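A.B. asks: Residue-level listing of the chains:
2 protein chains.
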Amino acid sequence: MSCDKLFNGTKDRFHGVTVDSTQEPCDDLNFPNNLKRSLEQWRDTGVRGVWFKVALADSAWVPILAQNGFRFHHAQPSYVMMVCWLPTNEVCNIPQYASTMVGVGAIVMNDRRQILVVSEKYKLFPHWKLPGGYVEPGEEIVNAAEREVLEETSVRAKFKQMVCFRHVHNFTFGCSDMYFIVALTPEPGQEVLKKCDREIDAVEWMNVEEYLNHPHVHSTNRFFVKKYLEYEASGISLSYIEDTHPILKKPYLIYSLDLGSQTPVVSEDNMLSQSNQSNKL
Amino acid sequence: MSCDKLFNGTKDRFHGVTVDSTQEPCDDLNFPNNLKRSLEQWRDTGVRGVWFKVALADSAWVPILAQNGFRFHHAQPSYVMMVCWLPTNEVCNIPQYASTMVGVGAIVMNDRRQILVVSEKYKLFPHWKLPGGYVEPGEEIVNAAEREVLEETSVRAKFKQMVCFRHVHNFTFGCSDMYFIVALTPEPGQEVLKKCDREIDAVEWMNVEEYLNHPHVHSTNRFFVKKYLEYEASGISLSYIEDTHPILKKPYLIYSLDLGSQTPVVSEDNMLSQSNQSNKL
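Sequences listed follow chains A and B, in order. Quick note, the first sequence lines up with residues 8 to 288 if you use our numbering. Quick note, the second sequence lines up with residues 8 to 288 if you use our numbering.
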């Protein structure tokens, strides 16, 4: 393949152009010259951000782009996205890429007031933790909690409510980390536990009072469980509604307090009743 | 600079090795051979993940790494991180990089029950929105809300409580997006508004009842403000405590419900009082 012509790219509403190496193939020999000529044309026509999405197989383009003023923006396993800001009279206002990793931990309590706890295979030191893990890209927090509990312990459980979240910075890969604690209700007849051998060393149902006093339980996990017991006693729940973005038409969830019977003070005019929230949003 | 020796890299507790191109310089001519010899040695000694952090100036390494089985993991403006999983008898368990962007919107209500609203300069269509923007890497949500309000409207305001958050997928750069709504209290004497000309077209204090009925207000924003009024009326607040990770010794925040006087049901043994939470965690 060769390219003796200018790159077209795809235009966006910010007067930017994105070239995808898989859509506009170009051999390595012609690439430097074609890039230079394309950049000249883009400068002349008022293009602002120029993006090159370079597939792993085309990574010979990377050093040439770097020599021509491009920097890295983000990468996925199969490509790296490089960008160059052309305007000289305007500060670059391109947002940074994602820097937050999202995880879940699950409080699964059965009707005998036992909670599901696990001990990890690769641990820094022994402790009983809540089952959980990373939320996958595009996955809902709620579904991630149900999935991780099933994978690690074989217990099928359903979302009951959100409890809280921890926010910490400079964590894995230097990213920020949000760890959401979600309470789940186990489906009936889940007393037999079968652990995930790859990740988990032990799994058991532990009386909640024992958990709160166990020497091998971190104080943070104890706090999470105590918070959940508080919520349970109060009847107030942190839950979600599903809706659709009014402009972008994308589905989303909004997590907020369901104050239920605890909020007699707000007038009917001022509040959405839980039953018709989804329609009104 | 040249390198006629093996790469050392830095070892981690997962039996991985990370080579930083700025720490172990190598000319492009010697790089392929030294990489091959290093990989052989790492294979022989049971190394699992091999990471190369390649600076923009060393990006000639990128195509050579790609030819040797490396893929991209993530990138920052000044480097790309590539990785190769060596074990053939073990599935690669390297976590994906961050894929969530975090933003804030602020409900700033003064004692005349007016809220601070802005109209953006670059909008898809006209509407009155809540001031806000992206949370910077390493920044607390709370501080981001205060900063954005100050930047966009010149109003100094302090965190009062968290209200809710929206979670949507496949958003900017294909990432997931979490948008946190935070209520702030303006400091006294902030009636004169001065907008940020670069981003904001108009800013004003609007009566909250007018906002809830204004035709140029999105239903989602209306929902956020209604939720806040509910919380305010109930006396229940979604707030945070500061603490330190018990193992990693990193500071963090935990956001949860402060049930205050609304929770007489839980016994003292089972709950942490708000005043001593930080010490006990």
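Read the hints as simulated data drawn from the structure, not as lab findings. Computed from a prediction, not measured in an experiment: that's the story for all the values here. Fair warning: there could be bad hints in the mix.
Said to hold, decoys possible - Listed below are the simulated DSS-like cross-link pairs for lysine-lysine, each with C-alpha atoms no more than 25 Å apart in a straight line:
hint, chain 1, residue 1, chain 2, residue 2
1, A, Lys128, B, Lys257
2, B, Lys128, A, Lys128
3, B, Lys128, B, Lys18
4, B, Lys18, A, Lys128
5, B, Lys202, B, Lys165
6, A, Lys257, B, Lys256
7, A, Lys128, A, Lys201
8, B, Lys233, A, Lys257
9, B, Lys136, A, Lys256
A.B. asks: Each hint needs a verdict: does it hold in this structure or not?
C.D. replies: Verification of the supplied hints:
| no. | hint | result |
| --- | --- | --- |
| 1 | A:Lys128 to B:Lys257 | 23 Å, holds |
| 2 | B:Lys128 to A:Lys128 | 53 Å, violated |
| 3 | B:Lys128 to B:Lys18 | 49 Å, violated |
| 4 | B:Lys18 to A:Lys128 | 21 Å, holds |
| 5 | B:Lys202 to B:Lys165 | 18 Å, holds |
| 6 | A:Lys257 to B:Lys256 | 39 Å, violated |
| 7 | A:Lys128 to A:Lys201 | 15 Å, holds |
| 8 | B:Lys233 to A:Lys257 | 22 Å, holds |
| 9 | B:Lys136 to A:Lys256 | 18 Å, holds |
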